[in-house]
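Novice: Going down the list, the sequences are from chains F and D.
Take 3 as the starting number for the first sequence in my numbering and just add one per residue.
Take 2 as the starting number for the second sequence in my numbering and just add one per residue.
The set of hints was computed from the structure by calculation and includes no laboratory data.
Misleading hints may appear alongside valid ones.
Derived lysine to aspartate or glutamate pairs resembling EDC-like cross-links, with alpha carbons at most 20 Å apart [said to hold, decoys possible]:
hint: 1; chain 1: D; residue 1: LYS11; chain 2: F; residue 2: GLU177
hint: 2; chain 1: D; residue 1: LYS92; chain 2: D; residue 2: GLU62
hint: 3; chain 1: D; residue 1: LYS3; chain 2: F; residue 2: GLU62
hint: 4; chain 1: D; residue 1: LYS65; chain 2: D; residue 2: GLU86
hint: 5; chain 1: D; residue 1: LYS98; chain 2: F; residue 2: GLU30
hint: 6; chain 1: D; residue 1: LYS65; chain 2: D; residue 2: ASP78
hint: 7; chain 1: D; residue 1: LYS3; chain 2: F; residue 2: GLU177
hint: 8; chain 1: D; residue 1: LYS6; chain 2: F; residue 2: GLU62
hint: 9; chain 1: D; residue 1: LYS6; chain 2: F; residue 2: GLU177
hint: 10; chain 1: D; residue 1: LYS87; chain 2: D; residue 2: ASP58
hint: 11; chain 1: D; residue 1: LYS65; chain 2: D; residue 2: GLU82
hint: 12; chain 1: D; residue 1: LYS92; chain 2: D; residue 2: GLU82
hint: 13; chain 1: F; residue 1: LYS105; chain 2: F; residue 2: GLU62
Okay, the calculated beta carbon distance ranges per label pair [claimed, not checked]:
hint: 14; chain 1: D; residue 1: ALA36; chain 2: F; residue 2: LYS61; range: 38 to 44 Å
hint: 15; chain 1: D; residue 1: ALA36; chain 2: F; residue 2: SER9; range: 51 to 57 Å
hint: 16; chain 1: F; residue 1: VAL135; chain 2: D; residue 2: PRO13; range: 31 to 37 Å
hint: 17; chain 1: F; residue 1: LYS61; chain 2: D; residue 2: THR80; range: 48 to 54 Å
hint: 18; chain 1: F; residue 1: VAL135; chain 2: D; residue 2: ASP58; range: 23 to 29 Å
hint: 19; chain 1: F; residue 1: GLY81; chain 2: D; residue 2: ASN85; range: 31 to 37 Å
hint: 20; chain 1: D; residue 1: SER27; chain 2: F; residue 2: GLY81; range: 32 to 38 Å
hint: 21; chain 1: F; residue 1: ASN31; chain 2: D; residue 2: THR12; range: 30 to 36 Å
hint: 22; chain 1: D; residue 1: GLU91; chain 2: F; residue 2: GLU177; range: 49 to 55 Å
hint: 23; chain 1: F; residue 1: SER129; chain 2: D; residue 2: LYS76; range: 20 to 26 Å
hint: 24; chain 1: F; residue 1: LYS105; chain 2: D; residue 2: ASP58; range: 52 to 58 Å
Note that beta-carbon positions come from the ideal geometry of N, C-alpha and C, so glycine has one too.
These are the residues of each chain, in order.
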Amino acid sequence: MKANKLSVRKLVSLSVLLALGVILNIAENYMVFIPAIPGMKLGLANTIGLLVLALFGPKEFLLIGFLRVLLAGTFSGFGSGFMMAMSGFIFSSMMTLLLYHSKKLSIYGLSMMSAVFHGVGQVTMISILYQNVLMFNYLFILIFSGIIMGLLIAFLSKIILQRVRFQGLKGVNYENNLEE
Amino acid sequence: MKAPKVKINKTPWDTYTFSALLVLASLLLVILNSAFKTSDPLMVFVYVENALIDKLDLKVEQSKTYLQSEYPSFKGDITIEILNEKVRVEKETSPLKYCSIQGYVGEVARPVICLPNAFYLVIMGTNYEG
Numbered sequence: 003m004k005a006n007k008l009s010v011r012k013l014v015s016l017s018v019l020l021a022l023g024v025i026l027n028i029a030e031n032y033m034v035f036i037p038a039i040p041g042m043k044l045g046l047a048n049t050i051g052l053l054v055l056a057l058f059g060p061k062e063f064l065l066i067g068f069l070r071v072l073l074a075g076t077f078s079g080f081g082s083g084f085m086m087a088m089s090g091f092i093f094s095s096m097m098t099l100l101l102y103h104s105k106k107l108s109i110y111g112l113s114m115m116s117a118v119f120h121g122v123g124q125v126t127m128i129s130i131l132y133q134n135v136l137m138f139n140y141l142f143i144l145i146f147s148g149i150i151m152g153l154l155i156a157f158l159s160k161i162i163l164q165r166v167r168f169q170g171l172k173g174v175n176y177e178n179n180l181e182e
Numbered sequence: 002m003k004a005p006k007v008k009i010n011k012t013p014w015d016t017y018t019f020s021a022l023l024v025l026a027s028l029l030l031v032i033l034n035s036a037f038k039t040s041d042p043l044m045v046f047v048y049v050e051n052a053l054i055d056k057l058d059l060k061v062e063q064s065k066t067y068l069q070s071e072y073p074s075f076k077g078d079i080t081i082e083i084l085n086e087k088v089r090v091e092k093e094t095s096p097l098k099y100c101s102i103q104g105y106v107g108e109v110a111r112p113v114i115c116l117p118n119a120f121y122l123v124i125m126g127t128n129y130e131g
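Using the sequences and the hints, build the whole thing.
Specialist: Here's what the structure looks like:
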């Protein structure tokens, strides 16, 4: 009975995080930070990914990330934009999980690498779609922006983990020695 | 197998990763800049669905419209403008209008991509065979 109660709490928490992720994903499409770099985004939806990894673990991180991209696709269409988002998700989540299991990087390093590899995935997909390697010219811009945005997102995720009380969730998956 | 816990506080490996990424991006910038350097006269190469449809002289100031009736992948007519040896997508139809927001581009090999229209253009030397 107790186990069921915990499962419901986990399910509700994951559903809320997924909904937030989808909303942030769609909202971000309408925000242009630097017009000269159209693919550059803050990546607020990645905060949700990092929170899920820190609160629940790698399986939930993959599941919520995949569903977020899929659900955002149902709202904005399954065209080339969706293919780029999916490719970015596959590259970034694989890299994040690989580095997470290496136990070397903190949330900052994971977020940076995730943002950078999201860009790598997107550029790879667009190069395949348009069969032109010139698209890789965007890569250095996306690496620079990925470093900055990744650090910002990690900082934001850390603040959320510090400020919001997640003790109700069993199996919290982060080292609970937060600096105040 | 128990999943490892996420470290919340910065580790030395974060700094190494940060430095490595900065070096990689800088190297990439230098390599790409030297790889696409050209002394040939510059042209604007216009592509639809991977096929080259037009080549325009970057020195000639002009506006040109590509019609939806001729290119089924378009969501509307697309107008490009060349001014002061720079090119931009002046008008297009897409949900987010990224490529027209991007504005003028004068750099060689920096594509302007209109994803929903399967349209892109890029400035290259005359002898480019893309």
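Novice: It remains to establish, for every hint, whether it holds in the given structure.
Specialist: Outcome of the hint check:
no. : hint                           : in the structure
1   : D:LYS11 - F:GLU177             : holds (12 Å)
2   : D:LYS92 - D:GLU62              : holds (17 Å)
3   : D:LYS3 - F:GLU62               : holds (14 Å)
4   : D:LYS65 - D:GLU86              : holds (15 Å)
5   : D:LYS98 - F:GLU30              : holds (14 Å)
6   : D:LYS65 - D:ASP78              : holds (10 Å)
7   : D:LYS3 - F:GLU177              : holds (14 Å)
8   : D:LYS6 - F:GLU62               : holds (14 Å)
9   : D:LYS6 - F:GLU177              : holds (6 Å)
10  : D:LYS87 - D:ASP58              : holds (11 Å)
11  : D:LYS65 - D:GLU82              : holds (6 Å)
12  : D:LYS92 - D:GLU82              : holds (9 Å)
13  : F:LYS105 - F:GLU62             : holds (18 Å)
14  : D:ALA36 - F:LYS61: 38 to 44 Å  : holds (42 Å)
15  : D:ALA36 - F:SER9: 51 to 57 Å   : holds (55 Å)
16  : F:VAL135 - D:PRO13: 31 to 37 Å : holds (35 Å)
17  : F:LYS61 - D:THR80: 48 to 54 Å  : holds (49 Å)
18  : F:VAL135 - D:ASP58: 23 to 29 Å : holds (24 Å)
19  : F:GLY81 - D:ASN85: 31 to 37 Å  : holds (34 Å)
20  : D:SER27 - F:GLY81: 32 to 38 Å  : holds (34 Å)
21  : F:ASN31 - D:THR12: 30 to 36 Å  : holds (33 Å)
22  : D:GLU91 - F:GLU177: 49 to 55 Å : holds (53 Å)
23  : F:SER129 - D:LYS76: 20 to 26 Å : holds (23 Å)
24  : F:LYS105 - D:ASP58: 52 to 58 Å : holds (57 Å)
Hint violations for this structure: none, all hints satisfied.
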